[in-house]
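Peer 1: The residues making up each chain are set out below.
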Amino acid sequence: MSEESKTYAYFLGCITPNRYPGIESATKKILKEFGVETEEMIGASCCPAPGVFGSFDMHTWLPVAARNLAIAEEMDLDIVVTCNGCYGSLQEADHLLRGNPKLKEETNKILGEFGREFKGTTKVNHSIVVLHDVIGLDRLKEKITKPMNDVNVAVHYGCHFLKPSEVRGHGSSETPYILEDLMQVTGAKTPEYKDKLMCCGAGGGNRTADAVQSLEWMRQKLVSAIEAGCDCMVHPCAFCHLQLDRGQEEMEKAYGIFLNFPILFATQFIGLAMGMSEKEVGLDQQVTKMPDKLLK
Amino acid sequence: MGTLYEDIIDCGGEIFGEEHLATLRECVQCGKCTGGCPSGRNTALRTRKLMQMALLDMREEIFNSPELWFCSTCYTCYERCPKGVKVTDVIRTIRNLAAKEGHMSVPHRMIGVYVMKTGHAVPIGPDQMKLREAVGLDSQPPTAQKHKDQLEQVQAIFKATHYDAMIDFDWGTMTLKGMDKGGKK
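If you read the protein sequences in the order shown, they are chains C and X.
For the first sequence, the working numbering gives the first residue as 1, with consecutive numbering after it.
For the second sequence, the working numbering gives the first residue as 297, with consecutive numbering after it.
Keep in mind that the hints were calculated from the coordinates and are not lab data.
Computed from a predicted model, the values in this text were never measured in an experiment.
Glycine residues also receive a C-beta, built at the ideal position from the N, C-alpha and C atoms.
Check the hints yourself; a few may be wrong.
Cβ-to-Cβ under 8 Å is the rule here; a few derived chain X residues that face chain C [stated by the list, open to error]:
#1 Asp303
#2 Ala318
#3 Met354
#4 Trp365
#5 Tyr371
#6 Pro378
#7 Ala430
#8 Phe454
#9 Tyr459
#10 Leu472
Simulated crosslink set (DSSO-like; lysine-lysine; CA at most 27 Å straight-line) [to be verified]:
#11 Lys29/C to Lys328/X
#12 Lys328/X to Lys28/C
#13 Lys143/C to Lys296/C
#14 Lys109/C to Lys444/X
#15 Lys146/C to Lys253/C
#16 Lys194/C to Lys444/X
#17 Lys289/C to Lys194/C
#18 Lys426/X to Lys29/C
#19 Lys146/C to Lys29/C
#20 Lys253/C to Lys426/X
#21 Lys293/C to Lys196/C
#22 Lys289/C to Lys442/X
#23 Lys444/X to Lys119/C
Only part of the chain X face toward chain C is listed, based on derived beta-carbon distances under 8 Å [claimed, not checked]:
#24 Gly327
#25 Glu375
#26 His404
#27 Leu433
#28 Gln446
Extracted from the complex, chain X is given alone in its bound form (with noise of 0.2 Å):
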């Protein structure tokens, strides 16, 4: 584990690229972002602060803010920001780090959670088959969900990166480890 800088830049490097992250370095805190974010105006993030407590190192401090899950991601900061600082994938690739920490709250897991149990974070039920029906459409789409073979590849995948470690998933329920406790970890 390095800086927190070197984390990000390790982290979303190897999906962006290295020079995509980097662009943190340029912010001058001139605010903008914080200026026209949707988020700002109604809660306590403050994306400039985030930035500056990133080169500066504030780990913790960031990992426990909840104002960093307050980000809808609209890329607004992303597209005004005057230094172009590639903000929204910044914010991304922390809210990464801290999940890897177990930084992540019971409701974010379980829509891994869903995904893992039916292929979609939204999964259909039986009121919603008639809804389909109602429109003309079969009562349920040709997806993961209806196909097991094809779920389970979906499955393989969370395996294969550990998301299910990451959430605490348990194969034999179907659902968080210790949900019975609350779904602490």
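With the rest of the complex left out, here is chain C (with noise of 0.2 Å):
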């Protein structure tokens, strides 16, 4: 546990700044409190969608990526992310370009045209792994002051913060542990329920590919964490978030049914937890409304 200040590269994404901000402005809180400062990366671009632009061509993939790489490698810094597309996107592009000289050389020859180079110095973080393992569960208590001992919270993980489990190195993606882990700091409890593992349904392209169908997913995903007796979901992804949150104002549309089960990104659930308001933390722009047990 280090109590030397440190300093990230923040890597914003899409979903995060251009729809809830409220994330970005937790993390970045929640962050600060403990010493640890985000920087802006200037022109950085989508990240971009691993699952979406990765399926389309995995040669526009590479350099867009390599190039948001650059712009961390350029202000010497690693990477922090609030969205799994981004954290899969980012460190599967760095993973892929360190192992593959042919590769680097391919990209770079693109990335030269206008000045930049892939070189290989950042590593790219994600926020709740920072959280986790950079400034500890221990310090995290210490300023737990609204806590959360009645809640019980569906931890939903998304696909890309753990697969693939060979890079992602947060250990076997059928027993994860880090959001369980961070959200019983807080005095929650985190039932098991039937769909845990389950994707949100958004990712790949299948959103855009037929919206009611992947809305479907989501829906059985959330009833199962209802049924067993959960308070609200709590995540480490923007595009999941989404899709759980406005997909259920999209659900309503389709089906005629409003859950309003409410979505929270972590740092959104632990802000509350360290006495943020609401407002702060953006909770009070979504589709799904928090309930009073969340906000006393």
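Both chains are sitting in their own frames, so use the hints and assemble them into the complex.
Peer 2: Structural data, given as structure tokens:
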């Protein structure tokens, strides 16, 4: 556990800054509370989405991702992200380019046209791993002023946070623990539920290919969490957030059912437990409304 | 153009290494991929069938299957395959080949339009700027959408890799060619 201050390049991506800025404000505030600074990455683009652009043309996906990595390298900082898509895309690109000199050379030929170069000197981190491993559960616990003792949280990892596990390195994708640890530090309980490890349904262009079908996966997941007695769902992915929160409004239009099951990004939930207001972490801007027991 | 298997090795191999994609040959049709597939329980996607079709060189049948696009790339099959087939990357590579041959829906092509226009698949607009201000952030993040010179770098990549031509992007109108005729190729 390092007490010295650390600064990360915050790779915002698309959905965090452009749809759910509460995720950005909550993450910045929490990190700052522990002496961890974030710097803006000027000119960063879409990561680009690994299952989407990776599905259409990997030869375009890779240099766009490499350009984003190069921006952080120029800042001489490691990256922190708040979306599994960004995490997957940037970490996979970094992994592939480091392991393949020919691919790196070809990619740098494209980046060189506008004076940039991928060197392989940054590290891609997920914000909740920074909370868990760098700041640590002990220090986090000291800052919990509004314990979530009577709250049952359905943890949802999303796919690209854990998989492929050979690249992510967070242990078995069948028995994850990072979100459970973080939630339990706030006093919350994390009951098992049927579709805990199931995808939100959005990735890989699936949401774009057939929105109503993709919402059906989401419906099954949310219902299984509700059946297990959960009060809300907490996750580490801005793209899942879009599907799980906005998707509930879309589901109402498609099926006439509005579940209003509260969806929170992990730092929004932890922010509440650290005494931040609903407004500060943007939870008043969502489709799903927060119950009193989260806001007391 | 070789067999579909050879094309998968060529196309995906450049990115992941040939041996990564050659794991497809190890498929024993056990069906574990299909059993754990969140899409398969809701759609007609049968991952096992897709792997077999790829090995049987059923190029046109695969490229014309809507199910090819119902994989969310969740990697559950990739993690669980007892023979180590890198299933998700095989599927992504098949999709790359299909897209190159023009099998790409208009909504999927539009995602590329947003990135070429703004640098972002999900760009910001005036309403979202107000949301940012309400949580104490600058109204516009300092991303490629805000900085024209940075956006031009992203656009240069899409030109260099001919992604613009692949989706029929028109730099004059900054959208797909023939959108006035429904955007069909």
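Peer 1: So, for every hint listed, does it hold in this structure?
Peer 2: Each hint, compared with the structure:
no.: 1; hint: Asp303; verdict: violated, 13 Å
no.: 2; hint: Ala318; verdict: violated, 16 Å
no.: 3; hint: Met354; verdict: violated, 19 Å
no.: 4; hint: Trp365; verdict: holds, 4 Å
no.: 5; hint: Tyr371; verdict: holds, 4 Å
no.: 6; hint: Pro378; verdict: violated, 14 Å
no.: 7; hint: Ala430; verdict: holds, 7 Å
no.: 8; hint: Phe454; verdict: holds, 6 Å
no.: 9; hint: Tyr459; verdict: holds, 4 Å
no.: 10; hint: Leu472; verdict: violated, 14 Å
no.: 11; hint: Lys29/C to Lys328/X; verdict: violated, 44 Å
no.: 12; hint: Lys328/X to Lys28/C; verdict: violated, 41 Å
no.: 13; hint: Lys143/C to Lys296/C; verdict: holds, 17 Å
no.: 14; hint: Lys109/C to Lys444/X; verdict: holds, 22 Å
no.: 15; hint: Lys146/C to Lys253/C; verdict: violated, 36 Å
no.: 16; hint: Lys194/C to Lys444/X; verdict: violated, 47 Å
no.: 17; hint: Lys289/C to Lys194/C; verdict: holds, 24 Å
no.: 18; hint: Lys426/X to Lys29/C; verdict: holds, 19 Å
no.: 19; hint: Lys146/C to Lys29/C; verdict: holds, 16 Å
no.: 20; hint: Lys253/C to Lys426/X; verdict: holds, 25 Å
no.: 21; hint: Lys293/C to Lys196/C; verdict: holds, 23 Å
no.: 22; hint: Lys289/C to Lys442/X; verdict: violated, 31 Å
no.: 23; hint: Lys444/X to Lys119/C; verdict: holds, 25 Å
no.: 24; hint: Gly327; verdict: violated, 18 Å
no.: 25; hint: Glu375; verdict: holds, 5 Å
no.: 26; hint: His404; verdict: holds, 6 Å
no.: 27; hint: Leu433; verdict: holds, 5 Å
no.: 28; hint: Gln446; verdict: holds, 3 Å
When the structure is compared with the earlier hints, violations turn up for hints 1, 2, 3, 6, 10, 11, 12, 15, 16, 22, 24 and for no others.
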